[in-house]
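Put the complex together from the two separate chains, hints included.
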Amino acid sequence: MSIADSMQPRLSPEDAGKLEQTWRDPPGIIGWFSAINHKTISIRFMVTTFGFFILGGLLALAIRLQLAFPGARLVNADLFNQLFTMHGSTMMFLFAVPVMQAIAMYLVPLMIGARSVAFPRMNAFAYWIFLLGGLMLYIAFFVGVGPDAGWFAYVPLSSLQYSPGKRIDIWAQMITFTELASLMEAIVLITTILKMRAPGMTLNRMPLFVWAILATSFMVLFAMPAVMLASTALITDRLVDTQFYNPDRGGDALLWQHLFWFFGHPEVYLIFIPPLGVISSVIATFSRRPIVGYPAMVLAVIATAFLAFGLWVHHMFATNLPELGKTFFTAASLMIAIPTAIQIFCWIATLWSGRLDLRTPLLFVLAFFVILVLGGLTGLMLASVSLDTQLHDTYFVVAHLHYVLMGGAVFPLFGAFYYWFPKFTGRMLGERLGRWNFWLFFIGFNLTFFPMHVLGLWGMPRRVYSYPKEMGWGSLNFTATVGAIMIAVSVLLFIVNVVRSRRHGEAAGNDPWGAGTLEWGTASPPPAGNFEMVPVVHARDPLWAPKSLPTHVTGLSNEYREILVTSVADAELDHRLWLPASSIWPFLAAVATTVLFVGSIFTPWAVVWAAAPVAAATTFWFWPKKDIIEKRTGSEVNP
Amino acid sequence: MSGQPEQKPMQQPPPAPQHESNADGHLLDIMHLPTFAFGTRSPMWWGTMGLMAIEGTVFALCIMAYFYLRSHSGFWPTGGMPPELLWGSVNTAIMLASAVPNHFAKRAAERLDLQKVRLWLVVCMLFSVAFLAVRVLEFKTLNTSWDSSAYGSAVWMLLGLHTTHLITDTYDSLVLTVLMFTGPLEGKRFVDVSENASYWYFVMFSWIPIYGVIYWGARI
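Chains as they are written, first to last, in my numbering: chain A, 104 to 742; chain B, 2 to 221.
Next up, chain B with everything else stripped away, as it sits in the complex (with noise of 0.2 Å):
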């Protein structure tokens, strides 16, 4: 199957186990099992689990330093103008909306269906091109620098590093996407990309402590 993506991959039927040399019952034979699974079977989920350990943690001590720099501070936000509320909550809409084809393109990787892979693929990347565009938008409305004073140094950081996220994830989601359309293909890429799908709910359910932070922490 593998080169031809058109093929439905996997038909084979699995290959009978065999018994060789094992008449004195020394060898457990595992010729029977599956060559990949998905979830908690799976080591990729294990490790995208770790990479969202650390990367949660990352944010959330981002966000603490948030809130000790604005206990210390007299005054808040400092430059006195929160972010604009308009293009951070259209980019949280956009990023709630593509957890629906991200749902469908891991239920479809699960079910080993390749056409509907692909189409998913392709409708998150347009939400991707969608939530990245709007981002840029974000980031010219803040009302504050980076440089101007501690405030908009934890925003800038806040955001910047969520950006990295959103690009880094992007770009994973695209490379796999090519690689669905063009090959060579085997089933664990399937759950490459069930795992791939679980990776980027994560960057997009950390926005919205991270959205409450920016755009509200500096309100309430």
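Chain A with its partners taken away, still in its complex shape (with noise of 0.2 Å):
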């Protein structure tokens, strides 16, 4: 590398600069404000994300807390309602979904070899009012009005009849922020993945992640809409007296659970499939080879995001719908077995062919591969109509969606924290303290989900804020609590090592690991416009390849905020185009939708009144400026 990196053409100082000076975010509380950069950006999403992990992860704590003895007294019913309801809804809505894209933001442009996302100001009104969404619950929450009839939330429970009050309007608006920011994070992410491509980079040549991240992006676009839709209806039946779910008045309450299961189990692989894009970096990178059948691995990506969409029904089993729908599900739901194992079996064949480094990232991923096969293997049984009527609302099912998500995106997340820390910051987070993090929290982990297992084969019901001493469950829910522990413990040294790497990691430089991606190929932390000149590609892993020419692009300027647009599946050469500059305008947009929203929680009014602020706002945001029109008109080109 370092004899290529000598070779490298470079900017002038003075020319690198001014690049320097046009992409970065503005000075002062204000320019804190109207920051658009996508790494800006992404860090506030990623910071965020965690903080409500922490948030989910507390509340958990104390649910294992109340359920560690038989008949404790810790927290009463409505509060541990609340606790439920709140640790699901924060972990699904505020965390598993939005940290996947938050990290994507970062990392697609770098990796796709762009200086930017497209449409940065919609990504920055996209945070905001993710933001503002969590903040909302997280106030209802400690004023007393969390929600709690679960995460999912069913009718009739979640009715006006049975819930009256507001917390389950606050729920259903949250939806509704959190499933905008994530649209609209869906449709930049698309544009920035299949327009913005450095050139020569092909589809064909698009890394794993970058192949996950699209496939993700997609399922947003057709599965949210159907819980936006589905909480839009509940909260009209809550405040306006719509019948959508009053079986009196021709209603029905399985619509609920149809929309909501449309939505919710895609939402598992939103949840799955940008991890899969991690394995697939981290495992290349410390086998020290390219990862096994690429084309194959594409088309299980693709393929698991297809079938994602035809298997709702399976969290319907328990339901009274024709025996052969539920077959069919059941087949379904058998099938997407077949994706995930071709995975599986690539990664194998990589790490068997490859010379293992066993740093923390890997350490991660490895863990995937134990927990996320046992809570596989369970999936399979629970796809079975005869055993899953069992089964329905015991604590089995909450050691399988435990082992399928945390083992399935958390371990992979934290070995992504680990292995791109350097390249947000510039610093090495500690391996001594990495491997604590890791083994306390893959033995707390076992420990506190593993038992729930047979819990729920002996009967226990999920969801119950006590339990008498005769069930004899008291062992076995005392060994999870224990494991909790152990858990909360393993991510305060995470925060720990995170804090202290930060100012005093070891410098990291462009590519400790002599990974194969383009986001190594730039300084760490990545200069505002990401690279000082856009790279040309040659080869799947460009840093990996031997030296082809040409290796950079110019002629894009360094005065205002231009970026190369190439073809969607060859990225050819297309066109230059101009990008805004910061402004805070999407941030007051994203206040004025709030207002919207949570006004609308107590009148219906707030719709109308509300919407002069944001049509202003979105009016503001658009029109464009004067000065920089003329500066940048001069090097105009017609198509």
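Treat the hints as calculated values from the structure; they're not laboratory data.
Just so you know, even glycine gets a beta-carbon here, dropped at the ideal spot from N, CA and C.
A couple of the hints might just be wrong.
[Stated by the list, open to error] Straight-line C-alpha distance at most 25 Å; calculated DSS-like pairs for lysine-lysine:
id, chain 1, residue 1, chain 2, residue 2
1, A, Lys734, B, Lys189
2, A, Lys729, B, Lys117
3, B, Lys117, B, Lys189
4, A, Lys734, A, Lys121
5, A, Lys728, B, Lys189
6, B, Lys189, A, Lys729
7, A, Lys728, A, Lys121
8, A, Lys121, A, Lys729
[To be verified] Chain B side only, calculated, beta carbon under 8 Å to chain A, not exhaustive:
id, residue
9, Asp30
10, Tyr152
11, Tyr172
Pasting the structure below:
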């Protein structure tokens, strides 16, 4: 690398300074709220989602402490209902899906050799909407109106009749906030990936992480609208007396379950597919070779994304649906094991034939194999209608879903933080604390959730706030609580590691792991414009490939935010495009939208009067500034 | 050209490609590339398609919910009276007719013809006044209320969702029309006009299945 480095063409220091000035966020407090650089927004997004992860984890710890002993009185039934509802909603809507998009927002442009994401202001708006929606939920919880009908809020329990007050309305609007943010992020990511890849990065050379994000983002477009429609119908049922879910007036409670799980099952894969991309990145780097079977991996990801839409009814096996329908969904549920297995075999082949470097990121990824395979196997068990009817709503399901989501998403996610932290900050995370973090997490996790399989088989229902001593569930529940405390200590060690390493960690350099993808070809942390000069790509792992000419693009302006747009399939040169400068309006538009959403919980008329500030803010957001247009129209070229 | 909308923009010849420090073939010069492009070449097209995919999914799911509720109901429409056909059908005609000025606005944008863009955008605005006014009459002749039955809720939800799109699309187009008159302008605003027209097509043509469901789903 060092020889190649010295031969890289570079900008003059003066031009590099101009480029930095052009792309960086403005200073000051107003500048802070005006920031739209994708790395700034992404870091805020990651910190926010991680904050919600900590909050959700503390709620889980409270649940475990309550259940550690039979007949405990730490919390009452009402608070317990809020605890598990807030825990589930936080982890699903405020952590697992958005954290993947947050990481993608940082890495995708770097991996594809782009200066920015497409629509950077919309990206900033989506972040603010997400943050404000999450804050609304927690403010409600702390003033005693936390939602309490479970994270999937089944009707009729969540109807006005059985859940009076504002709790469920808060929950339904939280859905509106988070899904709106998620949908916008999906559009930004799809457009970035398809139109902004560096010249030469054909689809066939795109990193597997980027493929995973592309597949996930398309799924978001078709899955998220279902839950938005469902929660909108729920909130109108509650606030203006529509009758969607009221059987007395021709409504239907199962309509909620269909709409919710038409989103909810794909959601599992929204959480699970991005980590598949993380795993492919980490395994390739630490096996010191490209992933085996790249085309098979890409096809498997796409197949998983399609099949994920044919599974939702397996959450509804305990309802009175036709048996033939259930058989179909059993078959589809078993079928999705095939593309997952293909990927696991490809990774094993890569590890088998590589030279392993057992660092912390790889440890977290290897844990994925153990935990996800266990969670997948219990998934196959639950795909059988007869067994599912027996185990429905027991702790067996709790164990299964945590094995899938923690094993499939959280372990690889921690691996991702250890792997890319040097790129985010320029410093390595401590390896010793990393190992403590990993082993405490791994052992604590299994100690917490493995006993729940047994508890479920013994008949312990989920969501009970207490249980009598005579049931004999005490010792396994106590074990689970000990495990939960271990997980808490492990996450605390991670935070210590991050805080310490950010200042005192070992300096990372551009490419501390000797990895092959483009994000490692620029400085750590990257300059505001990501690359001094946009690279030209000739291979799947550009940093591992022998040098080919040309190496870089020239002719993009350093004076204003100009990017290169390329063709969808083959990333051939297409046109230059001017991206907007920093602006406070996305933030103000998000505040106005928040007023509209929160106001509508209290009066339907908020949708009317709060539309005016939203319209005004989005218009100011769009309205171009004369000076910058004058600056750049000089080099305008017609198509 | 900016700030002077009367002048037709972008008449400068493309600057000659520069080959500074590229003697050794390391650098790929892109100075000659255009600074905006239409259709699938433009990121705006992909962003607009993403919006259409999301909103199309919402409409499709809402229609599915309508038929799901219908399949679980012994009597449909619940109140006995389907919506009156007159204003819904009139509005369908208005929306289909608005495709004509929309087509010309899109074509003028792609030919970078500012005068015609202004003309056809204004004509589109007149159409939107018409269909929004008729929409009010549609709501008045639905023969059901949102709170009377699940049937009424589904009908109001469908019509409400589509009306939201009519309002937002009208407002978007209005802002763009004003900008095309006042400036400051640059070439990529023509791409905005073109993509705004694509979205207009989406809002108008998605009305056809919704019209079929609201007005004929309660009859057939």
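Going down the list of hints, with the structure as the test:
1. A:Lys734 to B:Lys189: OK: Lys734 of chain A and Lys189 of chain B at ~15 Å, within 25 Å.
2. A:Lys729 to B:Lys117: 23 Å, holds
3. B:Lys117 to B:Lys189: 16 Å, holds
4. A:Lys734 to A:Lys121: Since the Cα atoms of Lys734 of chain A and Lys121 of chain A sit roughly 15 Å apart, the hinted pair holds (cutoff 25 Å).
5. A:Lys728 to B:Lys189: Within the cut-off at roughly 14 Å; holds.
6. B:Lys189 to A:Lys729: 14 Å, holds
7. A:Lys728 to A:Lys121: 20 Å, holds
8. A:Lys121 to A:Lys729: 21 Å, holds
9. Asp30: Hint on Asp30 of chain B: holds, closest Cβ of chain A at ~5 Å, below 8 Å.
10. Tyr152: 6 Å, holds
11. Tyr172: 6 Å, holds
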